[in-house]
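For reference, the chains in residue letters:
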Amino acid sequence: MVDTETFLDVSIWRDQGGDGHFETYQVPRLANQTILDVVSWVQQHIDPTLSYRFACRVGMCGSCAMMVNGEPRWTCRTHVKKVVVEDCLEIAPLRNLPVIKDLVVDMDPFFDKWVAANAVFEPSRTRDDPMAPITPDDPMRIVADGAIECINCAVCYAACDVVAANPEYLGPAALNRSWSLVNDSRDAGQAQRLHAVSAGGGCHNCHSQQSCAKFCPNELNPTLSISGLKRATLKSLLRWDR
Amino acid sequence: MIESHRGHSLWFAFILHRLSGIGLALFLPVHFYMLSLALTDPGQLDGFLAFTDLLLVKWAEFGLVFLLAVHMFGGMRLMALEFLPWSPRQKTYAAMVVALAFFVSTGFFLQAI
Amino acid sequence: MLTLRLYFAQRLTAIIMAPLTLGHLVVMIYAVQDGLSVAEILARTRGSVTWFLFYGSFVLAVAVHAAIGLRVIISEWLGVRGVMLSFFSWAVLVLLLFLGGRAVWMVTLAGGLQ
Amino acid sequence: MHSSIEQHDTDILILGGGGAGLFAALHAQKAAPDAKVTIAVKGLIGKCGCTRMVQGGYNVALAPGDSVERHFMDTIIGGKWLPDQDMAWRLCSTAVKRIHELENEIGCFFDRNPDGSLHQKAFAGQTFDRTAHKGDLTGIEIISRLMEQVLALPVERLQEHRAIGLIPSRDGSALAGVLFIDMRTGKFRLVRAKAVLMATGGGPTMYRYHTPSGDKSMDGLAMAMRRGLALRDMEMVQFHPTGLLAGAGTKMTGTVLEEGLRGAGGYLINGERRRFMFDYDADGERATRDIVSRAIYEEMRQQRTSPHGGVYISMAHLGPDLVADKFKGMVKRCADSGFDLAGGLVEVVPTAHYLMGGIVVDTDTRTSLPGLYVAGEDAGGAHGSNRLGGNGVANSTVYGGIAGDVMGGDIQCGACLHVVDRDVLDAEIALATAPLGRPPGNLTSLRNQLLDVMWNDVGVMRDADGLQRGLLRIDEIDVELAVTGVAPDNLAFNLSWHDWLNLRNLICMSRVIASAALSRENSRGAHFREDFQETGAMEDSYFTVAKASEQTLSVTRAPVQFTIVKPGDTLLGVDEAETLEAVVR
Ligand SMILES: Cc1cc2nc3c(=O)[nH]c(=O)nc-3n(C[C@H](O)[C@H](O)[C@H](O)COP(=O)(O)OP(=O)(O)OC[C@H]3O[C@@H](n4cnc5c(N)ncnc54)[C@H](O)[C@@H]3O)c2cc1C
Ligand code: HEM
Ligand code: SF4
Ligand code: F3S
Ligand code: FES
Chain U
364 MVDTETFLDV SIWRDQGGDG HFETYQVPRL ANQTILDVVS WVQQHIDPTL SYRFACRVGM
424 CGSCAMMVNG EPRWTCRTHV KKVVVEDCLE IAPLRNLPVI KDLVVDMDPF FDKWVAANAV
484 FEPSRTRDDP MAPITPDDPM RIVADGAIEC INCAVCYAAC DVVAANPEYL GPAALNRSWS
544 LVNDSRDAGQ AQRLHAVSAG GGCHNCHSQQ SCAKFCPNEL NPTLSISGLK RATLKSLLRW
604 DR
Chain A
36 MIESHRGHSL WFAFILHRLS GIGLALFLPV HFYMLSLALT DPGQLDGFLA FTDLLLVKWA
96 EFGLVFLLAV HMFGGMRLMA LEFLPWSPRQ KTYAAMVVAL AFFVSTGFFL QAI
Chain G
1094 MLTLRLYFAQ RLTAIIMAPL TLGHLVVMIY AVQDGLSVAE ILARTRGSVT WFLFYGSFVL
1154 AVAVHAAIGL RVIISEWLGV RGVMLSFFSW AVLVLLLFLG GRAVWMVTLA GGLQ
Chain W
13 MHSSIEQHDT DILILGGGGA GLFAALHAQK AAPDAKVTIA VKGLIGKCGC TRMVQGGYNV
73 ALAPGDSVER HFMDTIIGGK WLPDQDMAWR LCSTAVKRIH ELENEIGCFF DRNPDGSLHQ
133 KAFAGQTFDR TAHKGDLTGI EIISRLMEQV LALPVERLQE HRAIGLIPSR DGSALAGVLF
193 IDMRTGKFRL VRAKAVLMAT GGGPTMYRYH TPSGDKSMDG LAMAMRRGLA LRDMEMVQFH
253 PTGLLAGAGT KMTGTVLEEG LRGAGGYLIN GERRRFMFDY DADGERATRD IVSRAIYEEM
313 RQQRTSPHGG VYISMAHLGP DLVADKFKGM VKRCADSGFD LAGGLVEVVP TAHYLMGGIV
373 VDTDTRTSLP GLYVAGEDAG GAHGSNRLGG NGVANSTVYG GIAGDVMGGD IQCGACLHVV
433 DRDVLDAEIA LATAPLGRPP GNLTSLRNQL LDVMWNDVGV MRDADGLQRG LLRIDEIDVE
493 LAVTGVAPDN LAFNLSWHDW LNLRNLICMS RVIASAALSR ENSRGAHFRE DFQETGAMED
553 SYFTVAKASE QTLSVTRAPV QFTIVKPGDT LLGVDEAETL EAVVR
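Protein chains in written order, with our numbering: chain U, 364 to 605; chain A, 36 to 148; chain G, 1094 to 1207; chain W, 13 to 597.
Don't read these hints as lab results, they were simulated from the structure. Note that the Cβ used here is the ideal one computed from N, Cα and C, for glycine as well. Honestly, I wouldn't trust all of these hints.
One side only, chain A facing chain U, incomplete, derived with CB under 10 Å [said to hold, decoys possible]: (1) M36; (2) I37; (3) D81; (4) K93; (5) L116; (6) E117; (7) F118.
Please build the complete structure, drawing on both the sequences and the hints.
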């Protein structure tokens, strides 16, 4: 504890279905304190009915994302000192997803779009076949790898204004995963995938705002992936093979 | 509620591109209409063109040329982003678009006065 | 609401317009040097097939391009969807084609070839 | 009360959405395509539990020169001859098929060698480089791919549904269903099923320092215990030597700093700024997990500690740039938490990591209660007294898949829905609602008390006095919890209520761990008795079996059956080298 005298003024969004508003709490400031720690301190010491979600607490599960001072972040790995402004914090549920209660959002729409984007591996081999020999310097493998380490935290989804404006838009995370699969030479579902990401809510709706890439906690670049999809779909259109 | 997820240069580049697009789309019908006056009522067009000699109007024209330039260069930036290999210098390019647009429209302005 | 085909049309028209716009800007900077007049504009463009093709393709491209662009914006920002959206897009296209086409026609070939 | 219970029937019900649960769902749907499969999870599907947190990788004998026999022998020797040999064998042999399934059908994209074959790295305690991986985020790759496949199937999802009680049939002959709290609304839901898989992932989170995810509180084992199922090896709690230590105010404390840091040459330094590992073992920092954990624990007992009461790990002498490059993820994680791993000192502490013990099952995941199947970290037996790094996720995926196959088969040949035992149902509801009428109290302080008791008295090093003292304290905490309430006015997503329920299960399982530890009067693998430091004769190996009946807990011993290999023997041919170095030579 650095200084027991210092307190944070924390505004937290409280919502029980429609009556959403901010409430302010005073939380003692500690040396090693994440946003998630602040939220759970409030729940443990001030209001036991405050709801929030987390699991791994080390940036692997993507359950804990919230809006912190207006920016989407994984809260378990966001140190207070990184985001605090004049001892004030504003913590709200992740943008662009329906609120279940307080800081907890329903992530189903996010995952429904994941499936809708055909961001699911389509096997070409079975468990009885040998594994595909793919060298680490294979160009496609390198591209696939560049997009693969997504924890589906929906931070990018919350950052994107197109998601906010267009309810059909599949969003950066699902499209990023699709791009990884487009470069997966083991996958057998490419034609359907390109079709899925070209439909009404597909990759062409992205305006390269790049908020997704800016906020992705894993430093992935969905913008790059989406432009890859735009190229791939355009190529297939021009080949008239659709 | 604080909404600072938008506060970064590439988002501003997006909004600039969109607003310039809207601006051009609003201006264009007017522009076309004015031009077609050329034959139907040349006097009125000349009157209009004289009106464009006013300084205030010069400034407005500067704005228009800026919109056109910034939208065009911005559009080229977007297409480069989409069609060429990825470059990590996105922010630099966005800044270059604005700088180029200023350069062109200032050139126009200086010629016009 | 952009689909692959609309996206393609918008990028294609953008690519067509880029050099045309550059050309237009150069002409404009050159032309405004000592003020604009109807006579000046017409002296340059009247009866010229080249200028007709130049501005004609610009008008075609811009009508398609702006119709798609505005379509995206009103669907994203004003929440217009479905039939209304298509109606609006076609209306913009037709309006721009009409106004633009008329203007080009009048400043170039309306008076016959030279 | 009953009127507010929502009822629901399905064919196959799966509890838990980690490696075991998701694999079971895929296999069950394939084995019984017409069956209704339901998966119920305490968090979100694929986003909770520990499978996601796997960094190291997946043990499987694939490479030329390696063999299932060798993997099996490493598992048995690592487990100090306590593993159930049939389970260990099925684990090692099925892992080969499972990794092919993961790569070819599920879509995991494991790292490769330059020739395109699967890359396998070295992991402590193994005589061959056999740990398949995807960078150092193997768990994310495995669970994300599994999650996608499950989401794309018409499997029914009950997310944020917490299982609180196993409800038997009225005649007691089988399991009839499971009682849940729908956490989002706070309402009860009873789901009847023909077959139920428990895959809630164990997870020793009752220690002051622990690695597993926050949703795990041994719910599954506690539920099974209440139905009288037997638990084995419960004293076997594995500690990881280097958990991050950042003070009591943060959830980051306890999370793993990877094993590779020591392997790459990192130093452990005590509060006096001195390397101490060579005082304990000739291998220094590269000694095995249990030895390093005990050494750090001893330094802590001797008060030679860092400000937060642990020791330091130091990497700077390897060159900060090199460290930052080689351990990118770890360095970033530490930096996010405010620590400089590459150039500075980071405080570490041993941290409870994995529970080797679990429910007694057969190699088909069946239990003594018909209709109940158990897989993953909830099931005991495969690891004995110590789990090899890399055998955890292999275990959950192998046995999760087996459970899906077996359940799919069983419901097609006769398993049916049962009428539930209303008395048990009422009792379980009464248990869960017990705190709601009582005056609210300080759950956080109670939890901290439990965490401290387990750490101090039932932790890395144990003796009879400490264990007895611990048991008494656990009982006291239990009594205090019983009078501590939760405000009942708003039960939707009420974390305090769930904390109370977590705590109750953790107390119950803490008692079992302490009792089993008291009962084992020797030291094997993860279990170290200061008053019985010998391992005991391997031929006479026994495992502990804990069982609850009415109000009493009994711990008995059962002899290990050496069904495949006897202590002193090996499955490896005479000309086969014992170690990797020998193979290379
Ligand atoms: C930090 C860390 C690193 C690890 N690294 C490795 C490694 O490198 N290699 C290796 O082999 N193993 C490793 N392990 C161990 C491995 O992760 C686990 O043994 C294995 O993943 C367990 O899988 P599981 O499916 O049994 O449980 P989990 O993956 O933990 O899943 C349990 C599921 O049950 C749910 N659940 C819990 N309670 C309830 C309830 N009451 N009702 C409904 N659902 C419930 C949880 O929410 C979760 O979805 C590591 C573990 C940790 C914590
Ligand atoms: C001169 C060359 C031009 C180029 C290279 C160009 C390029 C582009 C590109 C690439 C886009 C897509 C942006 C996105 O998807 O986010 C776009 C959008 C748009 N353009 Fe153009 N354009 C040009 C001229 C014009 C003109 C003259 C107009 C005016 C009518 C116009 C109006 C629009 C509009 C309204 C949009 C929609 C903006 C949005 O979606 O945010 N463009 N332009
Ligand atoms: S791309 Fe990044 S921000 Fe988006 S879900 Fe994946 S990890 Fe999160
Ligand atoms: S923020 Fe949205 S607009 Fe595109 S570049 Fe990212 S998806
Ligand atoms: S709690 Fe898992 S990412 Fe934050």
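The hints, checked one at a time:
1. M36: 6 Å, holds
2. I37: 3 Å, holds
3. D81: With a closest approach of 41 Å, the D81 (chain A) hint is violated.
4. K93: 32 Å, violated
5. L116: 6 Å, holds
6. E117: Holds. Min distance 4 Å.
7. F118: 6 Å, holds
Against the hints set out earlier in the document, violations occur for numbers 3, 4.
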